[in-house]
Every structure is written in C-alpha cells, then in structure tokens.
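Place chain L with the ligands on chain B using the hints.
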Amino acid sequence: MILVVAEQRDGRLNRASWEVVAAAQRLAAKTGGAPIKVALLGGDLAAAAGELSAAAVAEVLTVEQAALEPYTADGFVAALAQLVAGQAPTYVLFPHTYLARDFVPKLAARLDRALVADVVSLAEADGTVAFTRLIFQGKLAADVVLEGEAPYLVTFQAGAFNADLAERGASPAPVSRADVTIDAALIRQKPEAPFREAKQAVDLSQAQRIVAVGRGIRARDQLPLAEALAKALGAELAASRPICDAGWLPIDRQVGSSGQTVAPKLYLALGVSGAIQHAVGMKASKTIVAINKDAEAPMFELADYGIVGDLFEVVPALIKELQR
Amino acid sequence: MKIAVCIKQVPARDWQPRVNESRTWVRDEDAAFEMNEPDAYALEEGLRLKERHGGEVVVCSAGPSRVSHVIREALARGADRAIHVESDGAASADAFEVAGALAEAMSGESFDLVLTGLQSDDQGFAQTGVVLAERLGVPHATIIMEVTVDGGALRVKRELEGGWFQWVAMPLPAVLTIQSGINQLRYATLKGIMAARKKDIRKVAASGAHRSHQRIVNLYPPQKTKQTQLIGGTPAEAARELVKRLRDEARAID
Ligand SMILES: Cc1cc2nc3c(=O)[nH]c(=O)nc-3n(C[C@H](O)[C@H](O)[C@H](O)COP(=O)(O)OP(=O)(O)OC[C@H]3O[C@@H](n4cnc5c(N)ncnc54)[C@H](O)[C@@H]3O)c2cc1C
Ligand SMILES: Nc1ncnc2c1ncn2[C@@H]1O[C@H](COP(=O)(O)O)[C@@H](O)[C@H]1O
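Protein chains in written order, with my numbering: chain B, 1 to 324; chain L, 1 to 254.
Pulled out of the complex, with its shape left as it was, chain B reads as follows (with noise of 0.2 Å):
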C-alpha cells in the first residue's frame, strides 16, 4: 500500500497534494499496481477530504484531533508514527513543502525508515525504483534507492509531477476516520498565529518587465549596472535571496518561495543561477531571458533566450543596444 500524506490549511487543500496523489499513482504503476490510500490530518477535514476522495484512491484516512491544530512538529510525528504502524504502507508520500521539512525527518527518525526528500522524478536501478533528486544545487542528478525496510519515506518536489494529471476515480472513494490517541502534553512546541510582515512597498507582481540580479552582480557597489539596465528596459529591479540576505536589496524585491512570485512579459536574469527557490517564484514568467558565465546553470533550463557569459560585458552592450 502506497500511503499519501496530503496538506492543508485551514481546511484548505494545497495544489502540491494533487502533485502527490499524481506522484504515488505513477509509482504504483511501477510498482505492481499496490493501492494508494490519502491521509489528512488537522482540526476540520470534512471539506478537504470531499474534495481528495475525488482521486482514484481506494480510500481517503481523516486523522481529526484538536491536538493536531494548530501545527506542530511533535503533534504530527507522533500521530503518523501511530497511523503508519496501523496501516502498514510500502511508501509513505509527501508533498516537499516548508511543513513537511518540519516533521518528516523526524518522523523518519523516530520509525528509523529511509526518507529520500525533494524527488523529482521516478527512476529504475538494479530492477527497483529509484528516486531522482538534485543535489550540488542543480548541478547534478542523482538516482537514489532506499535500503533497509519498509515503509520508505519519499518528499516530492513542487511542480515535479503534474496535479492535473491525478486520476480521478470513476466514484468518490470512502472517506474513514483513522483513530490515533495523541497526549497533548507530550507537544513541546507552542505556536502562536501566522502573520506577515508589514506590506510591501514594491509590488513587484504587477511589473510588466523585471530585471533580477543574483549573486553574479558580485558586490553591492555593482548594482547601479543593473538598475541602468533596468532603466533602459523600463523594468523593475528584483533579487535572488542572497542579494537581499546582505542587505544590498530590500526584501521586497526577493522573488522566489520566501518572497514574491511575478509572471511578467520579461524577466531577465543577470547571475542567478535559478534554484528551484528562485524558480519557483518567476517560472511563469512569459519571457525568460539568463546571462550568466555558467553554460549549466540551471536558469538557462527555464530560459527562452540565453547569453552565456560575463554580465560585466553583456550587460553594458545590451544597455547600449537599447539606447541606440
């Protein structure tokens, strides 16, 4: 039995569910046909687990526990540690979201099973699967398989598998209750409510042309170079995470997971090497142009137009050709 441990958020489910449900019935396919069963756990599930039994799924599990809302790493290993014991899975799936880095570790720590995390595709090796994941950030690929026994724990990667390719099933699959007993005082974490930060000042999704600079701008006293850019194009000027970490940038011009997601006409990407983190948050853009020394980095794999070299040069002659 493949076990999916779906996401949601105030009884909302998160798109990388789906991703996941895609995810274990590609597996099962590779895997002799096993059946997969959804697991959700939280305060209020009715919503959520209507909307998941749509899935062709031979059932969706509700693990419904005031203790379990809000969130807290403690809470979730300890009931996944009692409903995988009951339920005997092959594989255990997870979307790779923010939660999932919070407690799947530990639960595979605490189960002392083999966790592969951040999957992106599936693959085969010595007549088994195996799982691919990137590592030197996106240099390379690596085909990984898991040792010792079951069940194995596997993170996937958000947008490596397609949710509108999940099946859905010919008849709403059941929905049961899983009962796990969870001792409140046994969760050391307390957390207080979600919030934001003060707005922000550039709202940086309604820009029309973006130019972004990563680490290859180098220095702090570089970035007049791109801001010239900028300028000629008529864009606005964002950042990768490191350039707003060093204070050189605001954060309100980070895109990317922890800061914001743009899709405009042009992004143009001067030294950034286009992390999954980064990419996450510009790949919808509708033109992506890189410049960047490195023929491999992993920004020219999202981009429309590519100039493999040194922004020191390019970036002058373009502002130049754009002047003329």
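Just so you know, the hints here were simulated from the structure itself, not pulled from any lab data.
DSBU-like, lysine-lysine: derived pairs with alpha carbons at most 30 Å apart: (1) B:Lys139 / B:Lys265; (2) B:Lys320 / L:Lys244; (3) B:Lys265 / L:Lys224; (4) L:Lys157 / B:Lys283; (5) B:Lys293 / L:Lys244; (6) B:Lys139 / L:Lys226; (7) B:Lys286 / B:Lys265; (8) L:Lys2 / L:Lys198; (9) B:Lys286 / L:Lys224; (10) B:Lys293 / L:Lys224; (11) L:Lys244 / B:Lys286; (12) B:Lys30 / L:Lys226; (13) B:Lys320 / B:Lys231; (14) B:Lys231 / B:Lys293; (15) B:Lys320 / B:Lys283.
All values reported here derive from a predicted model rather than from experimental measurement.
Same frame as chain B, now just chain L with the ligands:
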C-alpha cells in the same frame, strides 16, 4: 548557555562537480571548499546569543581532515572550541549517518541549544538538524529567522511559505535549523585568527554504528528539456541579437 553549532564544509558554489567513474559520487580532489552558507548564519546567531546570555559556542563538524579549515574559520570568528567527528565518508553519507555520528559526539556535553543550517549546499537533504533533534530527544523548529531566549524558554520565528511567518515557543534544550539572512555576518579579525590557533579541537572517531538509509546508484548532469535559444558572438553582437529577438519575436519590449 551552552550552544553547539553544526557546520558542514561543502565545495565552493562555483565549483563544477565532476562525477566519479562508478557514477556514485563526485571527484572533488580539485574542489575548493567553504563553510555551508546557512551554517555561517547559524554560527553568527550562536555568537550573538552567547554575547547576550553568556556561555560558550562549540562548533561541531563531521568530515575528513580537510574540515579543520572551516573549524578554524569558525573559531576565528569567535567560537570557543570545536568537536571534529573524523569521518572520510561523511561527505557522501546521508543525514541519518551524519546526525547519528553528531549526536554520539555531543553526548555528555548537555548542550542547551543546538543550531544547524537548514540545508546543505551539496547534498541538500534538509534533514540533518531535525534527525539530530530526535536522536538527542529534544524539540526542534526549522527555517528560523529570529531567536529569543528568556530563562529556560525559547521563542523563535519560523519562516513559512510566501512571506508568512510564525512564532513558536518551546523549552530548552532544543535544536533549531537556521535560515540564511537571519542576521548580518561578521568576519574574522586578525586577532580572532591568532586566538583560534590556541583553541581546543576535540577529535572524535565516528563509531560507524549509524548507517545510511539511501544510496546513490547513478549520478549525472540533469537532462535538458527546454530549448533555450542561445545567442553567441561578442557581447555587442549578442546584445544586438537579443534586443532584436525580444522586440520582433517575443514582443517583450517596444
Ligand atoms: C527554504 C529556502 C527558501 C529560499 N527562498 C528563496 C527565495 O525566495 N528566493 C531566492 O532567490 N532564493 C531562495 N533560496 C535560496 C536558493 O536556494 C539559492 O541559494 C539562491 O536562489 C541562489 O542565489 P543566486 O542564484 O543569486 O546565487 P548563486 O547560486 O551563487 O548563483 C550565482 C550565479 O551567478 C553566475 N555568475 C557569477 N559571476 C557571473 C558573471 N560575472 N557573469 C554572469 N554570471 C555570473 C554563476 O554562474 C551562478 O550561476 C531559498 C532557499 C531555501 C533553502
Ligand atoms: N558533516 C556535517 N557536519 C556538521 N554539520 C552537518 C554536517 N552535515 C550536515 N550538517 C548540518 O546539517 C544542516 C543540514 O544539512 P543537510 O541535512 O545535509 O541539508 C547543515 O546546514 C549543517 O548545519
């Protein structure tokens, strides 16, 4: 407060990895190495907590003899002493093996707080700190952007997706995985570099009791799927061609 900071030495970001003959790991003899980026922020946070609350900062690193370079660097920035878990296999080991070895080396130290980076630049498991918390039997929180300590209580700011944050309180001892950008880094001074020479580095042999749960069977450059139009020529030629295509083909500029 007794604080441990886990630091991994990783190949420099601009190093082009080369795959070994069996396609199971990289050939890194020619690589330059550096401190894993979020670990530098974890160290800085440890030093700031010590400045506020007193105590000591102990650097813990598992790896071959070359990791002594990042250990020295951390000591030069202000850490008090270090534990070097000697292990040639640590670079290619999984998070279970590394966290197991680190937990073993930390036993008897009774740290109040253990800081790790949220993710390594080479393997990128994003697991070691969380597994370590379970092995040490203490609570944890991940992707931390602010740390406050008041008596025995810890209150930390977690980064969530899409610009959301959340404060979480928990008792000490605890493990936190630190996000890059939590603070502004300090660099080693000449005085710090001199002082580091006299600081203690305790070497511990990894017992080998903790095995990896996963194995790389094939390592290769990712397949390209997108057809990027690469524009060549001199910078001036490339610039002219790019502007032309952005105007006429993509209609992305006027
Ligand atoms: C939980 C989490 C959340 C994150 N959130 C975000 C986020 O929201 N946004 C974000 O951007 N990152 C985020 N990151 C960080 C992300 O993983 C990358 O580390 C980051 O995006 C890398 O930034 P970079 O491309 O500027 O730097 P690097 O990866 O160092 O890349 C620099 C690039 O510049 C090129 N270059 C160098 N010199 C030149 C030159 N002279 N000319 C041309 N090219 C040159 C290099 O070839 C390289 O490709 C997050 C990470 C984590 C773990
Ligand atoms: N060999 C190691 N020695 C010391 N700390 C490590 C080691 N490997 C990982 N870590 C710590 O665990 C964090 C997460 O690493 P990872 O789980 O590999 O993504 C790193 O940022 C380090 O703080």
